[in-house]
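Participant: Residue numbers (my numbering), protein chains in the order written: chain A, 49 to 362; chain B, 49 to 360.
There could be a bad hint or two in this list.
[Claimed, not checked] Under the rule of at most 35 Å between Cα atoms (straight-line distance), these lysine-lysine pairs were calculated in the DSBU-like manner:
1. B/K201 <-> B/K329
2. A/K206 <-> A/K194
3. B/K329 <-> A/K194
4. A/K206 <-> A/K131
5. A/K131 <-> B/K329
6. B/K201 <-> B/K189
[Claimed, not checked] To spell it out: a stretch of chain A is covered by chain B in this simulated footprint if at least three of its residues, at any positions, have a beta carbon under 8 Å from a beta carbon of chain B; those stretches are:
7. 157-171
8. 328-339
Note that these hints are calculated values from the structure, not bench results.
Just so it is clear, CB atoms sit at the ideal spot from N, CA and C, and this is done for glycine as well.
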Amino acid sequence: MSVSGLLRRPWLWAWAGALAVWLATAAFTGGRGSTEVLSTALVFGAFFVIVALGQMFVITLGPGNVDLSIPACMTLAGTVSMKAMAGAASMIPLGLLLALLVGLLVGTLNYGLIRLLRIPPIIATLSSSFIFQSAAIWWNRGLRVKPPEMLAGFTTAKIGGLPFLAILVVVLALLGHILLTRTIFGRSVIAIGQNPRAAHLAGIHVERVRAITYLMCATLAGFCGYMLAGFSGGAALNMGEEYLLSSIAVVVIGGTSVAGGFANVPGLWGAALFLFLLVTMLNTFGAGAGIRMVMTGLIIIGVIVIASGGKSRN
Amino acid sequence: MSRLLSPGLVRGLLPPLSLAALLIAIFWLQPRTMSYFGLNLLLNLAVPIALATIAQMFILCVNELDLSIGAFVSLVACITATWLNDTPLLGVLALAGLVGIYALLGALIHLRDLPSIVVTLGMSFVWLGLAVLVLPTPGGKVPDSIRTLMTLKPPYVPFPILASVLLAVIVHLVLMRSAWGTVLRGAGGNPKSLARAGWSILRIKMTMFALAGFFGVLSGMALVGLTTSADANIALRYTLLSIAGVILGGGEFVGGRVSPIGAVIGAVTLALAGSFLSFLKLNPDWQIGAQGAILIIVLALRVLISRAEARA
Chain A
49 MSVSGLLRRP WLWAWAGALA VWLATAAFTG GRGSTEVLST ALVFGAFFVI VALGQMFVIT
109 LGPGNVDLSI PACMTLAGTV SMKAMAGAAS MIPLGLLLAL LVGLLVGTLN YGLIRLLRIP
169 PIIATLSSSF IFQSAAIWWN RGLRVKPPEM LAGFTTAKIG GLPFLAILVV VLALLGHILL
229 TRTIFGRSVI AIGQNPRAAH LAGIHVERVR AITYLMCATL AGFCGYMLAG FSGGAALNMG
289 EEYLLSSIAV VVIGGTSVAG GFANVPGLWG AALFLFLLVT MLNTFGAGAG IRMVMTGLII
349 IGVIVIASGG KSRN
Chain B
49 MSRLLSPGLV RGLLPPLSLA ALLIAIFWLQ PRTMSYFGLN LLLNLAVPIA LATIAQMFIL
109 CVNELDLSIG AFVSLVACIT ATWLNDTPLL GVLALAGLVG IYALLGALIH LRDLPSIVVT
169 LGMSFVWLGL AVLVLPTPGG KVPDSIRTLM TLKPPYVPFP ILASVLLAVI VHLVLMRSAW
229 GTVLRGAGGN PKSLARAGWS ILRIKMTMFA LAGFFGVLSG MALVGLTTSA DANIALRYTL
289 LSIAGVILGG GEFVGGRVSP IGAVIGAVTL ALAGSFLSFL KLNPDWQIGA QGAILIIVLA
349 LRVLISRAEA RA
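Chain B with its partners taken away, still in its complex shape:
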């Protein structure tokens, strides 16, 4: 028994268990959600949040923090709902350019040894300003292809679940199981020895930031595919949600210790927390607060488990 339930295993199981507990509570409160359409509605908005969380995870993996991802996703949403729809070529070029800027930010932060918190805080202004310039008033129109994809109704399994699982598995395989992924994570774990072994930390940081930018772009497109129109402030809260999601999923702030599967689970948990609270008929004033409380409870559980781990 004690071998079966080692603290390490419990620690790994904590994110999925929290999600399961939340889901069961929701099903119990509102049995109608336990259907294809119920789940679809419940989990729809979790997809863009999960994508943004994966983006944040790549940054956290190299010991940096991105406080601009929410503004970035907003900007992508605005570009998707305007340029990408009206002049697709310009839209694609702009989005590719944004990924490039992310890579350059990684280079700048690494080369000048800058605090990523401050640089990305500054960038959040830049992204938001650009979003306002692209789309001064809420509106725009999502390209049909994205809308079709986001409202796909595959048989048996609702699209959000399929997309989340696919996302988690692909990123897990690339980052956790491949040799390349191990090198990437090494830049967070022990950059010095990695550099001595001949790898370029600069290139790794640029890659990780570019990956973050890429998933940020996907997040913005997915979001606009669901909401059909955009505004400059549409995803600002994603910054905090994404950080919380990674940590909730078992990631650490330093040392390259992250988990893609955990991050997706963490993001879905946070997205569900909102629905759970509305089913509880909790005063809507306390919606945000309860998200904070859930975060604190899960982290507290983790501390208890680590203490048990230390004792074992």
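Next up, chain A with everything else stripped away, as it sits in the complex:
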């Protein structure tokens, strides 16, 4: 790959940004704790990547396609599975199964609304998320049930210094990459995003592909909710909150076109690390909550402006 070819890679900016932010943090602390920061970033980035992977496929379907029910789905899956397991190690597989089922159910309902009622996906997933959020509140009354110790240990385990969860999600991302670039399903998603009518005329089952995409996104959100609840000592009602913005931001900063039709997986990891390291950097610099949020927002917008400039030049 030539240098100019590398520079045109859409995921390059996210990785460059992540590296720059990490180096800035390291320079400020004189290199102290830099590897620990990276290790933490890998874990939190992994959660971002799980949901962003689903969101990426949904956004790639084209304008108007976005899943706003991810936070509610995560919360519901986390709540249901934690309560079912009630801290018993023997129930871990069943808990996982339940979380994935919750995801499937959420996805089915979302797609049903989109398809049968012809509700725009934004409104469909938004309205359904209200229902799922309520269901999560009702199911557990906001009580935090501790995850089984084995699950908590699993989500925080390290292999050769690397967080196990991060390795798992790298493999997941690799599978996502293959799904996107090497399978008929992935190519169909991209084709639909570029031109749904042409995709239909080319013989693609547009609605079937859309259905699978929304189901997959919700199932991944359910999986993320399960893992996050295990990681953070139980399911909290606001556990999914920040994932609404981050799932979309990670996808777009990662170089996937928000207008659909163009996607890439490597950028997801770059953008996820970038977002986490950015907050870490601002924390290290001693910024308060207010400044931190303002800076995060401005930098996200800045990245979008730069990335879109690159697109129009090509």
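Position chain B against the provided structure of chain A, taking the given hints into account.
Facilitator: Then chain B, alone, in the frame of chain A:
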């Protein structure tokens, strides 16, 4: 009969009918609300929601989406309860500046062809961060004049109803009935032909975003006039409520098809949904969920009507 009840008419009547049905249900469940004071209490919080919904409507009208309006209204509420009260000049300047920033956002989104969802998501962080900086802990005090206005007791008609009707009629006249409004909406319907006819799409987008900012400011001031103090998270749910309100009122995501009267009705319907559910003695856990369900039901009805329309 069939001429009288054409699907197009039914479609237009759907928002007011849903609102009427909800109101009747509330009156039936709790007859005491059927009074001046009952209605006042019931509809009070609908005013800021309606203003935020109108703000969102201007953005949707030019085929964009504002995911930051809730955080923006929160910021305005914080500024109103602090600067506007303590140093009015600084407060007014800050609020005017915010409207200006909205116009610039419109320009940025248009010139660089950016996805408004992402830009406004980013801005929601900025607004929230600023709100935390202005008012780190809940508190502040609303200026007396705003408090007086929001607690006005006009004869016969409760203030929230008067304010909502006034809002709907004024925006309707300007956006739907004036030549200027038609041009503004055209930027959502067919920007290319509008540009060929010599209009500046950039200027239209900036105008629409500035209008959204202006009504967002009004929303924040109205909200703080009712609650008397503010906090940085006070209006975060307005983002979703405002989008839902516009759609509920018959607006579409693309094509400049919006309805100011419908949007106000949609906002009031959503605001009432909460009271309705508490009168039903529904488990409060399901409050938010029921709002989602009401939204889905109304949208489902709309689909049924459009199908009838297609058949006719």
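Participant: A separate judgement is required for each hint: does it hold in the structure or not?
Facilitator: Do the hints match the structure? See the list:
1. Pair hint B/K201 plus B/K329 holds up; C-alpha atoms about 30 Å apart against a cutoff of 35 Å.
2. The suggested pairing of A/K206 with A/K194 holds, with an alpha-carbon distance near 21 Å, which does not exceed 35 Å.
3. With a C-alpha separation of about 32 Å, the suggested pair B/K329 and A/K194 falls inside the 35 Å cut-off, and the hint holds.
4. Between A/K206 and A/K131, the direct Cα distance comes to roughly 26 Å. Compliance with the 35 Å bound is thereby established for this hinted pair.
5. For the hint pairing A/K131 with B/K329, the CA-to-CA distance comes to about 27 Å; that is within 35 Å, so the pair holds.
6. For the given pair, B/K201 sits about 21 Å from B/K189 by alpha-carbon distance, which is consistent with the 35 Å threshold.
7. As drawn, the segment 157-171 of chain A meets chain B at 7 residues by the rule of a beta-carbon pair under 8 Å; at three or more, the given contact holds.
8. Closer than 8 Å: that is the beta-carbon criterion, and the segment 328-339 of chain A has 4 residues meeting it against chain B, so the requirement of 3 holds.
Checked against the numbered hints given earlier, this structure breaks none of them.
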